[in-house]
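Quick note, the sequences are listed as chains A and B, same order. Quick note on the working numbering: the first sequence kicks off at 276 and runs consecutively. Quick note on the working numbering: the second sequence kicks off at 2 and runs consecutively.
In short, the hints are calculated from the structure, not lab data. Bear in mind the structure is a predicted one, so any value in this text is a computation, not a measurement. Backbone N, C-alpha and C define an ideal beta-carbon position, used for all residues, glycine too. Please note: incorrect hints may appear among the correct ones.
Label pairs and their in silico Cβ distance ranges [stated by the list, open to error]:
| hint | chain 1 | residue 1 | chain 2 | residue 2 | range |
| --- | --- | --- | --- | --- | --- |
| 1 | B | Pro44 | A | Ala376 | 50 to 56 Å |
| 2 | B | Asp62 | A | Met350 | 36 to 42 Å |
| 3 | B | Leu43 | A | Val365 | 33 to 39 Å |
To give an idea of the interface, some chain B residues facing chain A are shown, with a C-beta separation under 7 Å as derived from the structure [said to hold, decoys possible]:
| hint | residue |
| --- | --- |
| 4 | Val26 |
| 5 | Ser27 |
| 6 | Tyr39 |
| 7 | Ser42 |
To list a few chain A residues with every Cβ distance to chain B over 12 Å, as calculated [to be verified]:
| hint | residue |
| --- | --- |
| 8 | Arg283 |
| 9 | Ala314 |
| 10 | Leu351 |
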Amino acid sequence: MMAFIRPRLRKPLGIALAGTVFAAAWALRGGHAWQLSVAMEVTVLVGAITTYVRAGEDNDEGALAGSRADERQKMLSLRSRALGWNFAMVAAFIGLTVAAAVKAVWWWPFLVILAVTGFAYLLGLSNYGVAEEGTADDADTGPPVRSPAS
Amino acid sequence: MRNRVREQRTQREMSQAELAAALGVSRQTVISIESGRYLPSLPLAFTIARFFGLTVDKMFDPDEEAGT
């Protein structure tokens, strides 16, 4: 489906769609939440338009925003996201530790974040080749065969 | 690792943007490769070497530091 959407439009549309769903969820709460929902939707649309404009710039951020990144830019993005996940894990661990120390009832969201990031890490190891190492071609595969010369 | 990308490019009187378009990468990536800040993947190294009509080991010298 993404192939039918112009690369420059992919991220802005993704932001607009996700943001609209989130704003709609707030609107469904009823009461005065609809005001917050409208503000959210405006912010999301401004963000989507800003991303579209940035996607036209000739720099690394523009290439990533415009879904036309080359291998170095994809690696930059990957490293940045990995750093973000590392920070999230450390923050979640600190939050969980503090929540445990003060006997707070809000400890479980930190545990969920730790569990999800930990599971995603293991999933990554599984998907990207650790399980496919196999045995070395010089590994012991049975009794030694005597050379005909000996 | 030293490379001869800048030397080969200037010999052909190409701009970084023209080389980037020919290799299918961004201008920023060409700049990073030329300055030695980024080591290209093996497929890209082969693409660069072939583009200039050289072998990979002629294009990239692992025994020399970038900028020397």
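Status of the hints after comparison with the structure:
no. : hint                            : verdict
1   : B:Pro44 to A:Ala376: 50 to 56 Å : holds, 51 Å
2   : B:Asp62 to A:Met350: 36 to 42 Å : violated, 23 Å
3   : B:Leu43 to A:Val365: 33 to 39 Å : holds, 34 Å
4   : Val26                           : holds, 4 Å
5   : Ser27                           : holds, 5 Å
6   : Tyr39                           : holds, 5 Å
7   : Ser42                           : holds, 6 Å
8   : Arg283                          : holds, 15 Å
9   : Ala314                          : holds, 36 Å
10  : Leu351                          : violated, 9 Å
In summary, the numbered hints that this structure violates are 2 and 10.
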